[in-house]
Amino acid sequence: MDKLTNAQIAWRAAQDIDDGAYVNLGIGFPEMVAQYAPEGRTPVYHTENGVLGFGPAPAEGEEDWDLINAGKKPITLKPGAAFFHHADSFAMVRGGHLDVAILGAYQVAQNGDLANWRVGTKGVPAVGGAMDLVHGAGRVAVITDHVTKDGQPKLVEACTFPLTGVGCVTRVYTSLAVVDIEDGRFVLREKLAGLALEDLQAVTGARLHLDGPVADLIVPEAP
Amino acid sequence: MDKLTNAQIAWRAAQDIDDGAYVNLGIGFPEMVAQYAPEGRTPVYHTENGVLGFGPAPAEGEEDWDLINAGKKPITLKPGAAFFHHADSFAMVRGGHLDVAILGAYQVAQNGDLANWRVGTKGVPAVGGAMDLVHGAGRVAVITDHVTKDGQPKLVEACTFPLTGVGCVTRVYTSLAVVDIEDGRFVLREKLAGLALEDLQAVTGARLHLDGPVADLIVPEAP
Amino acid sequence: MDKRIASTAEAVAGIPDGATVMIGGFGGSGAPIELIHAMIDRYRATGSPARLTVINNNAGNGGIGIAAMIKAGMIAKMICSFPRSSNAEAFNTAYLAGEIALELVPQGTLAERIRAAGAGIPAFYTPTSYGTELAEGKPVAEFDGTSYVQERWLKADFALVKGELGDPMGNLTYRLAGRNFNPLMCMAAATTIAQVRQLVETGGIEPESVITPSIFVDAVVEVPAPQQEEQLVRDGVEY
Amino acid sequence: MDKRIASTAEAVAGIPDGATVMIGGFGGSGAPIELIHAMIDRYRATGSPARLTVINNNAGNGGIGIAAMIKAGMIAKMICSFPRSSNAEAFNTAYLAGEIALELVPQGTLAERIRAAGAGIPAFYTPTSYGTELAEGKPVAEFDGTSYVQERWLKADFALVKGELGDPMGNLTYRLAGRNFNPLMCMAAATTIAQVRQLVETGGIEPESVITPSIFVDAVVEVPAPQQEEQLVRDGVEY
Numbered sequence: 001m002d003k004l005t006n007a008q009i010a011w012r013a014a015q016d017i018d019d020g021a022y023v024n025l026g027i028g029f030p031e032m033v034a035q036y037a038p039e040g041r042t043p044v045y046h047t048e049n050g051v052l053g054f055g056p057a058p059a060e061g062e063e064d065w066d067l068i069n070a071g072k073k074p075i076t077l078k079p080g081a082a083f084f085h086h087a088d089s090f091a092m093v094r095g096g097h098l099d100v101a102i103l104g105a106y107q108v109a110q111n112g113d114l115a116n117w118r119v120g121t122k123g124v125p126a127v128g129g130a131m132d133l134v135h136g137a138g139r140v141a142v143i144t145d146h147v148t149k150d151g152q153p154k155l156v157e158a159c160t161f162p163l164t165g166v167g168c169v170t171r172v173y174t175s176l177a178v179v180d181i182e183d184g185r186f187v188l189r190e191k192l193a194g195l196a197l198e199d200l201q202a203v204t205g206a207r208l209h210l211d212g213p214v215a216d217l218i219v220p221e222a223p
Numbered sequence: 001m002d003k004l005t006n007a008q009i010a011w012r013a014a015q016d017i018d019d020g021a022y023v024n025l026g027i028g029f030p031e032m033v034a035q036y037a038p039e040g041r042t043p044v045y046h047t048e049n050g051v052l053g054f055g056p057a058p059a060e061g062e063e064d065w066d067l068i069n070a071g072k073k074p075i076t077l078k079p080g081a082a083f084f085h086h087a088d089s090f091a092m093v094r095g096g097h098l099d100v101a102i103l104g105a106y107q108v109a110q111n112g113d114l115a116n117w118r119v120g121t122k123g124v125p126a127v128g129g130a131m132d133l134v135h136g137a138g139r140v141a142v143i144t145d146h147v148t149k150d151g152q153p154k155l156v157e158a159c160t161f162p163l164t165g166v167g168c169v170t171r172v173y174t175s176l177a178v179v180d181i182e183d184g185r186f187v188l189r190e191k192l193a194g195l196a197l198e199d200l201q202a203v204t205g206a207r208l209h210l211d212g213p214v215a216d217l218i219v220p221e222a223p
Numbered sequence: 001m002d003k004r005i006a007s008t009a010e011a012v013a014g015i016p017d018g019a020t021v022m023i024g025g026f027g028g029s030g031a032p033i034e035l036i037h038a039m040i041d042r043y044r045a046t047g048s049p050a051r052l053t054v055i056n057n058n059a060g061n062g063g064i065g066i067a068a069m070i071k072a073g074m075i076a077k078m079i080c081s082f083p084r085s086s087n088a089e090a091f092n093t094a095y096l097a098g099e100i101a102l103e104l105v106p107q108g109t110l111a112e113r114i115r116a117a118g119a120g121i122p123a124f125y126t127p128t129s130y131g132t133e134l135a136e137g138k139p140v141a142e143f144d145g146t147s148y149v150q151e152r153w154l155k156a157d158f159a160l161v162k163g164e165l166g167d168p169m170g171n172l173t174y175r176l177a178g179r180n181f182n183p184l185m186c187m188a189a190a191t192t193i194a195q196v197r198q199l200v201e202t203g204g205i206e207p208e209s210v211i212t213p214s215i216f217v218d219a220v221v222e223v224p225a226p227q228q229e230e231q232l233v234r235d236g237v238e239y
Numbered sequence: 001m002d003k004r005i006a007s008t009a010e011a012v013a014g015i016p017d018g019a020t021v022m023i024g025g026f027g028g029s030g031a032p033i034e035l036i037h038a039m040i041d042r043y044r045a046t047g048s049p050a051r052l053t054v055i056n057n058n059a060g061n062g063g064i065g066i067a068a069m070i071k072a073g074m075i076a077k078m079i080c081s082f083p084r085s086s087n088a089e090a091f092n093t094a095y096l097a098g099e100i101a102l103e104l105v106p107q108g109t110l111a112e113r114i115r116a117a118g119a120g121i122p123a124f125y126t127p128t129s130y131g132t133e134l135a136e137g138k139p140v141a142e143f144d145g146t147s148y149v150q151e152r153w154l155k156a157d158f159a160l161v162k163g164e165l166g167d168p169m170g171n172l173t174y175r176l177a178g179r180n181f182n183p184l185m186c187m188a189a190a191t192t193i194a195q196v197r198q199l200v201e202t203g204g205i206e207p208e209s210v211i212t213p214s215i216f217v218d219a220v221v222e223v224p225a226p227q228q229e230e231q232l233v234r235d236g237v238e239y
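Chains as they are written, first to last, in this note's numbering: chain A, 1 to 223; chain B, 1 to 223; chain C, 1 to 239; chain D, 1 to 239.
It is worth saying that the hints were derived from the structure and are not from the lab. All of these numbers come straight from a predicted model, not from anything done at the bench. Ideal Cβ positions, reconstructed from N, Cα and C, are used throughout, including at glycine. One or more hints might be untrue.
To be verified - Below, a list of computed lysine-lysine pairs in the DSSO-like style, where the Cα atoms sit at most 27 Å apart:
(1) Lys77(C) x Lys138(C)
(2) Lys3(A) x Lys122(A)
(3) Lys122(A) x Lys3(D)
(4) Lys3(C) x Lys73(B)
(5) Lys72(B) x Lys77(C)
(6) Lys71(D) x Lys72(A)
(7) Lys73(A) x Lys71(D)
(8) Lys122(A) x Lys138(D)
(9) Lys78(A) x Lys3(C)
(10) Lys3(C) x Lys122(B)
(11) Lys72(B) x Lys71(C)
(12) Lys122(B) x Lys72(B)
(13) Lys149(B) x Lys122(B)
(14) Lys138(C) x Lys73(B)
(15) Lys122(B) x Lys3(B)
(16) Lys122(A) x Lys149(A)
(17) Lys138(D) x Lys138(C)
(18) Lys77(D) x Lys122(A)
(19) Lys72(A) x Lys122(A)
(20) Lys72(A) x Lys3(D)
(21) Lys138(D) x Lys77(D)
(22) Lys122(B) x Lys71(C)
(23) Lys138(D) x Lys78(B)
To be verified - The following label-pair restraints were derived from C-beta to C-beta distances:
(24) Ala72(D) x Gly55(B): 26 to 32 Å
(25) Leu96(C) x Glu136(D): 36 to 42 Å
(26) Asp18(B) x Glu99(D): 41 to 47 Å
(27) Ala190(C) x Gly47(D): 53 to 59 Å
If we strip away everything but chain A, and leave its shape as in the complex, we get:
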């Protein structure tokens, strides 16, 4: 089955971010979204450890390790940046000030439940800001492959992995489709042009509902 690359998924998610939006991108894959902000749009990126308005990584050798993001990667500042402490930083998150948070997922349920912090009970648990980030932002979106590495659905009726948050996700960008979560249901908005609805449904763990026409999910070949 044809599917989008991570870069293409990130590109698609970036198209929905407005100019001037305040955005938190989760550590790892979601950070890629920043590379694809459309021409003329300048989102302002927030990182949990107390920076608003940061830019890409500095050149090798120019890192300042007091200037990092939540993933502990070195960053740079854009004009208009600000520093603040951790309580103010999570006030921005929890207090509803972010326009968008884009996160990764192990599983997303049709009611918006998200599981993205832990797959089992073994090893050392670590939650970071995951459970905070799912609350407060105007939109909480997920970017993810449509299925797991061994082909299991990641969009499910109910999460089986430990939850990060309840009923929090509003949109999912996958390698095959764009799906909204509305009234406890998955509503299909876009799918790859060559992909039949029944084939998409077959790799989705819960019913995909239709609400108006389904657009083609169109992305650049190499964004």
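Once you've looked at the hints, dock chains B, C and D against the given chain A.
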């Protein structure tokens, strides 16, 4: 009956404030305490509206009305001063960071209850920071005349005026005596030299207990 | 991103009747007098915004600012800690005549409720007001042997604040003790409008010196020589 | 008032066995490495402080800082949000061997619990962790139709923080994103010890630029060329 002037009461209270102590002085009479800090001691004064380390009023004509205290009187800054917002300011109060708060009182009860914000139910009520200041400071002291203008006791068994806080006052400096509040009782520590215990008791609304010797309350004639 | 607005009139044009409006400042320090007066101008010209709930530490002084709003009849309710002061005749008169409602909140609780709204904390416990008439009807709980009162967040539709420097993105600094409630109110309102003494270019405020980060601000208007409430009151000005 | 201490050794000399110690920093930014290493030196020389509860966002990296404390066996319990990272072998090993306890707290909740301790707020409600295993056993309440978890303040006996500038009274500033948990921890500990890159005279920090006012700080020690945790980890340093 001989009694201390307000200046003398304020002077006596100032003697118990250590060098470097962080102190909030309530609006009005308590502000007078700052004039009598003993030689060699430099308390740091806090005001609710977000200043730490302020000094006396500026010369007439040199007021800056963005630089005021909680009583909305103009102030000056000492070296090492800091500005902060109201939530941080009351974190200092409520969070136990102040060493001493010195407040006025309508009534103080033997269990430490304080009434100092309202005498009745008429007119416009206004509480300001009074109910916050009674919580958190290492010591909450009251300075007051021993009796009301019409001779009624201000140290009472139970407050009849609306309460500001419950069980919060630890020491009272009056025009006649210094009284600690311990285990729900008034414990007399100092009284004016010429004043008989029974005369003091007669103008006090609750039993004065003794716990060791009662010292003479000695203050300068014109502090 | 450009949150600059050309005039105070334009800045307050969207405040509807019945809105809840936080107004920064403590007494005259940090009070956005020009934004308040722009609201009054609009009310005199159009009858709106009316029936406002206003949140401020005080309830106006003399004949300007919030006092002038009260005299104009724009305010239905005040939420504040200290409505009584030497020149608070406007509020006193309206309150004693039953023309204005009052929710009296201890000053630290007022600050913390506003901060809680900004931080997404719907309720918290405080020792303040426990055992007093201001705690009546509020839930009480004991933690580690001490009793506390549960307080709710306090949100607003609009916040009007006064900054010293501002940039087009909305980053703000404050002057001296003019900070007070202003940074908290920026966090707690759906729409925050800031008047600043000087608009600098984006990047003109050091990132370490920003007091209110731009995410909390929606509109910035430059008022280069702001009036000082205390001076206006002393001068007996009536707006 | 002079809160200056001559050496990091002297600064940490009073931390007893069994103490709860907050340590500022997020990863390596704003981490008071020299104060931590002074604690380790003392532990190696005297066997104290032992059985510590340490509060930090992470649980140490490589072979220095908190990781070195863990390897030395000084820590009985970590309270943190993210103990797992690329170089967190010290914690991983001790945890999986059952030699160290872990209280896992969502990062924003950790920050808010520490702030609450500093602000005298014994408990608050947050949406974070509602419906998850990290909320198990905690009180839940509904406000305005949404469910929230009740969280308690988090206090400490000591806080070790890293500032940029400090003055003899204890006023502090921070460098870049080195601010993070440091100002909050200053508020929440009975005794706060700050290492600063530069000690300036009292009055040498502009009152409007102070990030942590002196009231929250008990001791200041100058460490003019502080080490950077991230660099030490990359260099493979073992303390």
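Against the structure, the hints:
1. Lys77(C) x Lys138(C): The given pair, whose Cα atoms are some 20 Å apart, holds under the 27 Å limit.
2. Lys3(A) x Lys122(A): The given pair, whose Cα atoms are some 32 Å apart, is violated under the 27 Å limit.
3. Lys122(A) x Lys3(D): Violated, because 46 Å separates the two Cα atoms, which is more than 27 Å.
4. Lys3(C) x Lys73(B): violated (35 Å)
5. Lys72(B) x Lys77(C): holds (24 Å)
6. Lys71(D) x Lys72(A): Holds - the C-alpha atoms of Lys72(A) and Lys71(D) are around 23 Å apart, at most 27 Å.
7. Lys73(A) x Lys71(D): Within the cut-off at roughly 25 Å; holds.
8. Lys122(A) x Lys138(D): Holds: Lys122(A) and Lys138(D) sit about 23 Å apart, inside 27 Å.
9. Lys78(A) x Lys3(C): holds (17 Å)
10. Lys3(C) x Lys122(B): Violated - the C-alpha atoms of Lys122(B) and Lys3(C) are around 46 Å apart, more than 27 Å.
11. Lys72(B) x Lys71(C): holds (23 Å)
12. Lys122(B) x Lys72(B): It holds: about 24 Å lies between the C-alpha atoms, which stays within 27 Å.
13. Lys149(B) x Lys122(B): Since the Cα atoms of Lys149(B) and Lys122(B) sit roughly 20 Å apart, the hinted pair holds (cutoff 27 Å).
14. Lys138(C) x Lys73(B): violated (34 Å)
15. Lys122(B) x Lys3(B): The given pair, whose Cα atoms are some 32 Å apart, is violated under the 27 Å limit.
16. Lys122(A) x Lys149(A): Within the cut-off at roughly 20 Å; holds.
17. Lys138(D) x Lys138(C): holds (21 Å)
18. Lys77(D) x Lys122(A): Given pair Lys77(D), Lys122(A) holds - Cα atoms ~19 Å apart, limit 27 Å.
19. Lys72(A) x Lys122(A): holds (24 Å)
20. Lys72(A) x Lys3(D): Roughly 33 Å between the alpha carbons, so the hint for Lys72(A) and Lys3(D) is violated.
21. Lys138(D) x Lys77(D): Holds - the C-alpha atoms of Lys77(D) and Lys138(D) are around 20 Å apart, at most 27 Å.
22. Lys122(B) x Lys71(C): The given pair, whose Cα atoms are some 22 Å apart, holds under the 27 Å limit.
23. Lys138(D) x Lys78(B): violated (46 Å)
24. Ala72(D) x Gly55(B): 26 to 32 Å: Given range 26 to 32 Å: violated, Cβ gap about 48 Å.
25. Leu96(C) x Glu136(D): 36 to 42 Å: Once the Cβ atoms are compared, 53 Å apart, the range 36 to 42 Å for Glu136(D) and Leu96(C) is violated.
26. Asp18(B) x Glu99(D): 41 to 47 Å: With a Cβ separation near 44 Å, Asp18(B) and Glu99(D) satisfy 41 to 47 Å, so the hint holds.
27. Ala190(C) x Gly47(D): 53 to 59 Å: Roughly 57 Å apart at Cβ, these two residues keep to the hinted range, so it holds.
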